[in-house]
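**Q** Using the sequences and the accompanying hints, generate a full structural model.
Residue numbers (the numbering used here): 1 to 241.
The reader is advised that the hints may include incorrect statements.
[Stated by the list, open to error] Heads up, simulated SDA-like pairs for lysine to any residue below, C-alpha to C-alpha not over 20 Å straight-line: (1) 19 with 49; (2) 19 with 57; (3) 19 with 63; (4) 19 with 68; (5) 19 with 6; (6) 19 with 36; (7) 19 with 87; (8) 19 with 83.
[Unchecked claim] Between beta-carbon pairs, the in silico distance windows are: (9) 228 with 163: 24 to 32 Å; (10) 142 with 4: 31 to 39 Å; (11) 26 with 221: 40 to 48 Å; (12) 18 with 181: 21 to 29 Å; (13) 175 with 44: 39 to 47 Å; (14) 66 with 133: 21 to 29 Å; (15) 42 with 167: 40 to 48 Å; (16) 80 with 165: 26 to 34 Å.
No lab work stands behind these hints, which were simulated from the structure alone. No experiment lies behind these values; they were computed from the predicted model shown. Glycine included, C-beta positions come from ideal geometry on N, C-alpha and C.
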Amino acid sequence: MQCEAGLLSVTGTASEPAKAGISVADIAAGMYAYSGILTALYQRERTGQGTSLDVAMLDALGEWMSQPFYYCVYGGQPARRTGARHTTIAPYGPYRTADGEVFIGVQNDREWAVLCQQILGRPDLIDDPRFRANPGRVAHDDELTTIIEDRLRDIPAQEVESSLDQAGIACAQLRSPQQFAAHPQLAARNRWREMGSPGGPIQALLPPVGIDGYEPAMGAVPALGQHTEAIRAELGLTERG
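**A** Pasting the structure below:
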């Protein structure tokens, strides 16, 4: 489905396409079904009329592909795969530091000037003809990457991230799943709950949306077949077959 929606045409590197690392088509369709059900319930509450829903994975991913679709079809631009870099913004992507990579996203010329002055220590780059405006920075991204990484190569990633935060420039550390699990924001916001499973206790994240006054039910993961008989009885299936 990612192929059919054109997602692989814009995901991956220039030499090789890549699918998303999670099941985006399934998740997208499920979330649109969820919002559609809520809309239908609200409509029924207001009008007393029920309705039916139709959700396709292709349509769900098509909605998510709107930016590259309009950019390519009506902007006359070919689809580009640029890895973790941005196709139309620079500097925007992961940059090597002393002990890892930090993702930097410069959104405008004002932030570019701040990056040059406060992070790179190169105010001369602000008006460099190659980098003065975003189209030039995109065209000379390889040169720009070398300049940035030469400056950051001896600085720890955490220190780089802190400096970027203070400068007001969007940034992030490139974390592994294990590092995400240890993310300080999840701990600070008390997002983990312990729940049972057939293999023993596990830590699970709360649902993304929190509602004041309600604690989500976080029941144990059932064992294989644990509820089979109860479900069969509820459905009136008293005999196997």
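**Q** All hints are to be evaluated individually against the structure, with a verdict given for each.
**A** Do the hints match the structure? See the list:
{"no.": "1", "hint": "19 with 49", "in the structure": "violated, 41 Å"}
{"no.": "2", "hint": "19 with 57", "in the structure": "holds, 15 Å"}
{"no.": "3", "hint": "19 with 63", "in the structure": "holds, 17 Å"}
{"no.": "4", "hint": "19 with 68", "in the structure": "holds, 16 Å"}
{"no.": "5", "hint": "19 with 6", "in the structure": "holds, 10 Å"}
{"no.": "6", "hint": "19 with 36", "in the structure": "violated, 27 Å"}
{"no.": "7", "hint": "19 with 87", "in the structure": "holds, 17 Å"}
{"no.": "8", "hint": "19 with 83", "in the structure": "holds, 11 Å"}
{"no.": "9", "hint": "228 with 163: 24 to 32 Å", "in the structure": "violated, 57 Å"}
{"no.": "10", "hint": "142 with 4: 31 to 39 Å", "in the structure": "holds, 33 Å"}
{"no.": "11", "hint": "26 with 221: 40 to 48 Å", "in the structure": "violated, 20 Å"}
{"no.": "12", "hint": "18 with 181: 21 to 29 Å", "in the structure": "holds, 24 Å"}
{"no.": "13", "hint": "175 with 44: 39 to 47 Å", "in the structure": "holds, 42 Å"}
{"no.": "14", "hint": "66 with 133: 21 to 29 Å", "in the structure": "holds, 26 Å"}
{"no.": "15", "hint": "42 with 167: 40 to 48 Å", "in the structure": "holds, 44 Å"}
{"no.": "16", "hint": "80 with 165: 26 to 34 Å", "in the structure": "holds, 30 Å"}
The earlier numbered hints that this structure contradicts are 1, 6, 9, 11.
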